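Novice: Residue numbers (the working numbering), protein chains in the order written: chain A, 16 to 146; chain B, 16 to 146.
Keep in mind that the hints were calculated from the coordinates and are not lab data.
Worth double-checking, as some hints may not be accurate.
Note that the list lumps identical chains together, so a pair holds whenever it fits in one copy or between two copies.
[Claimed, not checked] Calculated lysine to aspartate or glutamate pairs in the EDC-like style (CA-CA distance at most 20 Å, straight line): (1) K118 to E137; (2) K144 to E52; (3) K118 to E52; (4) K131 to E71; (5) K144 to E19; (6) K118 to D142; (7) K62 to E21; (8) K62 to D142; (9) K70 to D142; (10) K144 to E21; (11) K118 to E21.
Given the structure is predicted, the values throughout are model-derived calculations rather than measurements.
There are 2 protein chains.
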Amino acid sequence: MTAESENTLRVAQQAFEHFEHGLATGEWSVFLDMLTEDFTFWFPMGKFHGLNVGKERAREFFQYVAESFRGGITLILERLTSNETTVVFEFRDEGLLLGQPYKNRIAVSFDVRGDKICGYREYFGSDGKSY
Amino acid sequence: MTAESENTLRVAQQAFEHFEHGLATGEWSVFLDMLTEDFTFWFPMGKFHGLNVGKERAREFFQYVAESFRGGITLILERLTSNETTVVFEFRDEGLLLGQPYKNRIAVSFDVRGDKICGYREYFGSDGKSY
Chain A
16 MTAESENTLR VAQQAFEHFE HGLATGEWSV FLDMLTEDFT FWFPMGKFHG
66 LNVGKERARE FFQYVAESFR GGITLILERL TSNETTVVFE FRDEGLLLGQ
116 PYKNRIAVSF DVRGDKICGY REYFGSDGKS Y
Chain B
16 MTAESENTLR VAQQAFEHFE HGLATGEWSV FLDMLTEDFT FWFPMGKFHG
66 LNVGKERARE FFQYVAESFR GGITLILERL TSNETTVVFE FRDEGLLLGQ
116 PYKNRIAVSF DVRGDKICGY REYFGSDGKS Y
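Just chain A, with the same shape it has in the complex (with noise of 0.2 Å):
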């Protein structure tokens, strides 16, 4: 592996470790803080569907994710791979989606720049209701 991949690896999976606590806690200060101000990010559904260009955009987002998911989503990692620039992380969660019963297999894939998250791609494995 090249000190880019290694470098690429950690940076995401710290940025997945935040990720992973905005999911579960709604607090997403420190995630938000690894974005780029370039950040992009794309979304499958909703008033987020496509391309969302700017970390301020992002911060919306994840205010709108927090406040539909007020009990927190707990998430289960199940596969990673990465290459020189990118990581994508395989994972199931589950919760309540404004007070529903909530599943999700999901990939997110993240776009690594320095020690910073530039780029987003979120993909849906299932319909949230199963796995």
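Assemble chain B onto chain A, guided by the hints.
Specialist: Structure of chain B alone, referenced to chain A:
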């Protein structure tokens, strides 16, 4: 990169070429030949939603894909990440689904055993109507 990682990458890339050929042409036999007998796959929605077990079930699924996308689907590979056993391909695809314009962003994760694919998970990054 270890010898095992290199083999995994090589096998998954070969399978992905056959997968792309299947999507484009509806001919899935070369892809199916690369699957283990105990192959399992997860799909996000519809009648193949959730876990599907066995190569015969995979044959039914890809027949269903071929019938749903009669004109073929073209894809653009955007990113590839891997580890010793798994390779994730992130791509966009486009075609006609039952005659209607179809576009999506997809992540597929292939698990490799020896020179075969033993598992596959598909994740949707959009709604089938736009990227």
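Novice: State for each hint whether it applies.
Specialist: How the hints compare with the structure:
no.: 1; hint: K118 to E137; result: both (15 Å within a copy, 16 Å between copies)
no.: 2; hint: K144 to E52; result: neither (34 Å within a copy, 29 Å between copies)
no.: 3; hint: K118 to E52; result: neither (31 Å within a copy, 29 Å between copies)
no.: 4; hint: K131 to E71; result: within (16 Å within a copy, 45 Å between copies)
no.: 5; hint: K144 to E19; result: neither (38 Å within a copy, 36 Å between copies)
no.: 6; hint: K118 to D142; result: both (8 Å within a copy, 19 Å between copies)
no.: 7; hint: K62 to E21; result: neither (35 Å within a copy, 41 Å between copies)
no.: 8; hint: K62 to D142; result: both (17 Å within a copy, 12 Å between copies)
no.: 9; hint: K70 to D142; result: neither (28 Å within a copy, 24 Å between copies)
no.: 10; hint: K144 to E21; result: neither (36 Å within a copy, 37 Å between copies)
no.: 11; hint: K118 to E21; result: neither (32 Å within a copy, 34 Å between copies)
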